[in-house]
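Starting from the given sequences, assemble the full structure and let the hints guide the process.
Line by line, the protein sequences give chains A and B. Counting in the working numbering, the first sequence runs from 1 upward without gaps. Counting in the working numbering, the second sequence runs from 1 upward without gaps.
There could be a bad hint or two in this list.
[What the hints assert, rightly or not] Here are the simulated lysine to any residue pairs, SDA-like style, with alpha carbons at most 25 Å apart:
#, chain 1, residue 1, chain 2, residue 2
1, A, K42, A, D29
2, A, K16, A, A52
3, A, K167, B, A27
4, B, K53, A, D29
5, A, K5, B, I40
6, A, K167, A, E128
7, A, K16, B, Q30
8, B, K53, A, T3
9, B, K53, B, I40
10, A, K16, B, L35
11, A, K42, B, L35
12, A, K42, B, T32
13, A, K12, A, E154
14, A, K42, A, C161
15, A, K16, B, L22
16, A, K16, A, L124
17, A, K42, A, E149
18, A, K184, B, L35
Keep in mind that the hints were calculated from the coordinates and are not lab data.
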Amino acid sequence: MATEKEISDFLKSVEKRAFKRAVYAVRGDDAALDIVQDAMIKLTVSYSDRPAAELPMLFQRILSNATMDWFRREKVRSRVIQNLSDFARSEEDGDFDLLESLQVMGDTLGTESAADAVARAQMLRLIESAVAELPGRQREAFLLRYWEEFDVAETAAVMGCSEGSVKTHCSRAVHALAKAMRDKGVNQP
Amino acid sequence: MKPVHQRFDDPTVQALENRLALGLAGALSQQTSALPHDVIERLRFAREQSLEKGRNARLAAPAGQQVLAVSVSGSAALGSTTPWWQRTLGVLPLLLLVAGLLMIQEFSVREQMLATAEVDAVLLADQLPPAAYSDPGFGEYLRSPPP
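Here it is in structure tokens:
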């Protein structure tokens, strides 16, 4: 059973990423904060008897459910109309060379030039924007797999899907991000 | 160029994907570390509130056990966790009341029977036959004042 300090430390370590993850999903700071708080309360009230090692997966699952609950509530209130095009995006790659783009993007991101702080900040904002524009499931898979550093099996457990689906979502997300960044000129040398 | 879906399992592409994804995740982490102060404070407040609620929830569970302990120690509080013999003790006064009422009723019936038997015995022992009391003339004689 996790102690209160372990739970507190855990929440402290994940709260910022959880907030950003919620922001990417709902695109609003206040709603994201509500979602994160709901998830925190759910974890501390209902799952505090679980071992500390189980907290990360539990919390991510709770956060996903809290986000879904938020969308359901918003749908009921008719305040937000979900952009269905997110879930039916066509693969319009055209003559876009993903392999080349991925390689160039990887090199660009891996090199910490930091010569121009403004340009770098702009690039970070572009990346955030591109992540926020990903389809919901792709974004969730990408963030859990690469940001929360879950393995494929853990990501699949949190998302409630197969490992193959996780790999597909992640791959499509990375390709979509690479294309989006290329379109915005981030990969230009 | 191969279509995208044919290259998902290509190790080279996977390595590039992982490299790019980790770079993007690192960029996201940089952005996350630079959250506005008010958001950080609201997150801290949310965390503390949730911990407080969790603490209260944990305290609420042992409170039920304390009620049981008090109950076991002999208080009048009866809960679902109270032993059967204590629940039996709770209905004992009611059982005693019902038994008392039954005894009073039995005593009253017995008294009525004894009184009736005594009257019958006197009537049968008298020289006047009981049928005389059903005669209207004899009744009138009894009601008339003595001469």
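How the hints compare with the structure:
no. : hint              : result
1   : K42(A) x D29(A)   : holds (20 Å)
2   : K16(A) x A52(A)   : holds (19 Å)
3   : K167(A) x A27(B)  : holds (21 Å)
4   : K53(B) x D29(A)   : holds (23 Å)
5   : K5(A) x I40(B)    : holds (19 Å)
6   : K167(A) x E128(A) : holds (21 Å)
7   : K16(A) x Q30(B)   : holds (11 Å)
8   : K53(B) x T3(A)    : holds (14 Å)
9   : K53(B) x I40(B)   : holds (20 Å)
10  : K16(A) x L35(B)   : holds (8 Å)
11  : K42(A) x L35(B)   : holds (24 Å)
12  : K42(A) x T32(B)   : holds (23 Å)
13  : K12(A) x E154(A)  : holds (21 Å)
14  : K42(A) x C161(A)  : holds (23 Å)
15  : K16(A) x L22(B)   : holds (18 Å)
16  : K16(A) x L124(A)  : holds (16 Å)
17  : K42(A) x E149(A)  : holds (23 Å)
18  : K184(A) x L35(B)  : holds (24 Å)
Going through the hint list in order, the structure satisfies each hint without exception.
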